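Novice: What follows is the residue order along each chain.
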Amino acid sequence: MKFTLSWLKEHLDTTADVHAVADAMTMAGLEVEHILDPAAKLKPFSVAKIVEAVQHPNADRLRVCQVDTVDGRKEIVCGAPNARAGLTTIYAPIGAYVPGLGVTLSEKPVRGVVSNGMLCSASELELAAESDGIMELSDGLAVGQPAAELFGAEPVIDFEVTPNRPDWLGVAGIARDLAATGIGRFIDRQPATVPGRFPCPIEIRITAPEACPMFAGRLIRGVKNGASPAWLQARLTAIGLRSINALVDVTNLLCYDRARPLHVYDAAKLTHGFVEARLGAEGDSFLALDGRTYAPTPAMCVIADAGGVLGLGGVMGGEGSGCSADTTDVFVEAALFDPIRTAQTGRDTGILSDAQYRFARGVDSGFVISGLELATQLILDICGGEPSEIRVAGAAPAPPEAFDFDPAYVEGLSGLAVPPERTVEILHTLGFATEPQGQALRVTPPTWRRDVTAKADLVEEIARIVGYDNIPSTPLPTLAPPPGGVLTTRQGRARLARRTLAASGFSESVGWSFVSETAAKLFGGGDARLKLANPMSADLSDMRPSCLPGLIEAAGRNAARGFPDVALFEIGPVFAGPMPNDQRTAITALIAPHGPRRWDGGADADVFTIKAELMALLDLMGVATEKLQLVQSDLPSWWRPGQSARLQLGPKAILAEFGAVHPSVLKALYVAGPVYAFELWLEAVPEPKKKAVRSKPALNLSPFMPLSRDFAFIVDEQRFAGDVARAAASADKALIVEARVFDVYRGPGVPEGSKSVALEVRLQPVERTLTEAEIEQVSTKVVAAVAKACGGQLRA
Amino acid sequence: MTDPATLEVQFLADIAAAPDVAALEVVRVAALGKQGTISLLLKSLGGMSPDERRTEGPKLNALRDTVQTALTARRAALEAAELDERLAAEKLDLSLPAPHRRKGYVHPTLQVMDEMISIFAELGFAVAEGPDIEDDFHNFTALNFPPKHPAREMHDTFFFSPDEAGERKLLRTHTSPVQVRAMRSQTPPIRLVSPGRTYRCDSDQTHTPMFHQVEGLVIDKGVHMGHLKWTLETFIARFFETDQVTTRFRPHHFPFTEPSAEMDVRCDRSGGEVRIGQGTDWLEILGCGMVHPNVLRNCGIDPDAYQGFAFGMGVDRLGMLKYGMPDLRDMFASDVRWLAHYGFPAVAVPNPASGLS
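Protein chains in written order, with this note's numbering: chain F, 1 to 796; chain U, 1001 to 1357.
With the rest of the complex left out, here is chain F:
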């Protein structure tokens, strides 16, 4: 929404300049986007007179003019057909920036003759959309008069209107709020009644009151339509509107002045004696003023007569019934259209007219007849003519209801101490009616403020007019944080994982929660319930089942840029379905090892690197990792078979999966392998036992030296070394603290199809130093346990 200061001053008696007005608007809730100053771009231009114009020696279309300018007499080459001696026009000196052309003038010969400036058209000054020649100005103007002064180019305020305030879509509405802030006095211009001289011959019918509850109209006979007077043209062009003709310009003026859209019909085209507001019907079609043909649907409100659709009600009129220079009788429409329907029609047709914008947000139901009277008066003043009486069909909806308001609530809700008299004064200035009701008030909002329905709304009115700046900053009463901190266990663990992984060399990535369908399907997703109906692009169509596709693709993008060595992690949501319980938080880490080659022959990260990170993280989260089952079978399809595993407490309690990503999956995502990754689901990690105190259990250290014994077992190739170690460790729970694999051997001395697994078993005596016999006893148990669990034989 745009307006000029002079326009505002029609409704506001103020001495404030444009910046003070803009500041007052902003602090009252009208967010000023910017102040456009067209005078700035007109600055170099001024009035000049052509003294002589002769044919250019080398060009048929050009003239060489002697021009009296602010800089003295200049020789200027001009191509305009109307460049003639005696013409008063606009001069631009060398160095001027011509906005309509987008060029800065420089001194250069035109077909051999140097032009010392330029004579300008209205379009070159951006005063008109197009022009046929240079400007033709009144001969009375003095040479050198600045163009900015001449064209009344004053600053324009451009601001954003929040959807709750349709009344701000009219300059008068803005003036009313500004007056309340104290920057000026509101000039209440109530339209006078224009008596009709004869009954309106055109009947008005409403057959869809839900779409058009009220429709007022009148005929004005014998008008003389044509160009609008200069003041009206200037007012419209200043805010970027095009002047069409006087009748249309009057409707546009009131649209911006009073937020009151109107429509004018050429009555000669209304040949059926009535107009009707109805819903669109099968077969309806009409050519709108934008030159396009629309087929109204039953969801839309149309204005029609027996000959068909004349226009989309509140949205756009039709080409066939519009006013032109030939119009002598005009039918003026002032109606109310349902906001929701009008908004939908705008979206469905793509028409975003000024009228549609206003009706969609809600137009003052108390200004229908007044708007029509005001339009009548303007038309009579500009075009002459004789008005009929006003016809009205339907009725305006009931005015807003009164409600009780205790002025003390202003301070209660806003913290702003406002004397009750001031509260009442502000309400009155804003158009609210008040009645004392004991200590409280009974407040009736005006018809243009249907956004105000309850007492909190009134607090906002008072607070914004008194000024949010005056609200006293008040410390929030101290509320001690919960003694255990504010984070839940899960939140704390996510934070722990973030810091741990970053410390281990992984960089944190934030990927989209949605991935392509291909990527989703590769990782078990693609559920129709998780497909967006309106994705930004095909790449972002499905809620991700895992963070892995995003991280793998990120690795690929980095590789494509020449940085293939990446270690990334992400902590974020993954989706198994549309319900809240289907969402889990995954901690996902990935290494694509392409580190520098090593002079010492050392190896880069591998699947055991990622296992170590995962185990360390689980351990930090308080998981008893030694109790976890490692299962290497039946992993999901995106893991490389044989080089991936899941960690679980049981088949239904899977905490994590890790391993190498399947080469086919990498190929499908255009990423060169290998890629090692883990995925850990926070919700699956058991909550720690709640403890009343933070003290740790007593530390019982054995005074006796631990000792270790090595064993090597021959087991079947298919056996997992971890199972051998686990069996050994369980052989004597009192004495064995750890059994760790330190070598796996295949070759001479070990039968084909078998392998030798070497373990170091660590014993911790608790009561006394062990005797050789006791150690031997434990060794026997270890051998027996491994034989029983894994069929392992002690290697000779």
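These aren't lab readings, by the way, just hints derived from the structure by calculation.
Just so you know, these numbers come straight off a predicted model, no measurement behind them.
In this text, a Cβ means the ideal position worked out from N, Cα and C, and glycines have one as well.
Heads up, a few of these hints could be off.
What the hints assert, rightly or not - If you want the footprint, here are the derived chain F segments under chain U, 3+ residues with CB under 8 angstroms:
hint	stretch
1	162 to 168
2	274 to 281
3	386 to 399
4	459 to 473
5	525 to 538
6	558 to 566
7	637 to 648
Keeping the supplied structure of chain F fixed, place chain U upon it in accordance with the hints.
Specialist: Chain U in isolation, oriented as in the chain F frame:
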């Protein structure tokens, strides 16, 4: 019998001449081994008369001690020399690179989220979370959005296809649904922040289809806009870590708050980048207001007994302002060079003792 004095001279010479530990061992065995000269002489003492023993004993013992001492000293010297020689031979070129160690960083958005949570935690705010896939009630209706509000349109909000019951799920456009869930399940007083991912159909330099928000909610008796103002002023000063921050509150409109406001921060935009705490421009940084009575009612809270405020801010955007990232889209690109440049070391945990950053 060989004279002890002669023997001493001979053995000391042999010891001194031993070139290495092995040769020295040969001398030791010759002198003090089981069949060594000195050992045999000492054994012969047993066959001597007491008088003889009295004169020879001390001499032989002295001889043994002298040779033993010389052997020990020589052995230490030879071992030291051998160690020196070995160490000299085992020199390493320490200019060679150590094994490569990857460096990791915390993403700036999550770092900033931790900063925010840290500040609000001190003010007594708990942290609440909720699902990203929401329903119409929690995202719109409960929050007093009118039925045909533009935010409910496909061009603003991501929707899923309707399910069997005709219900159309959506991706939450703010973390306010978390507040709705909290209000419906807790009794006031409530003081919480809700961080999380949010989604809107938008994409340009300052908008991405997904971004992060931290929203806040305080519901209690007698909480008013002055408290809101203080809370956010306190927050912003601490967040930007400067006393220079000037803010202002400006009326605005949101369906879920009444009165509503936007908070602007003073900044300088002259150099193409935004500098907080300088200049004469204002930059909108968050929206806030007093929770609309309808929202309280929708959440089962009596608006005549309780009132409160809510606010919401873009985490990525405030992070960009504080740390100078120029383009929001980079936040989600996972470019390792960008992460290394704008990321934070793991140990930089925001806390009130050391400051946030």
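Novice: Next, verify each hint and record whether it holds.
Specialist: Here is how each hint holds up against the structure:
{"no.": "1", "hint": "162 to 168", "in the structure": "holds (count 4)"}
{"no.": "2", "hint": "274 to 281", "in the structure": "violated (count 0)"}
{"no.": "3", "hint": "386 to 399", "in the structure": "violated (count 0)"}
{"no.": "4", "hint": "459 to 473", "in the structure": "holds (count 9)"}
{"no.": "5", "hint": "525 to 538", "in the structure": "holds (count 9)"}
{"no.": "6", "hint": "558 to 566", "in the structure": "holds (count 5)"}
{"no.": "7", "hint": "637 to 648", "in the structure": "violated (count 0)"}
The structure fails hints 2, 3, 7 (numbered hints given earlier, in ascending order).
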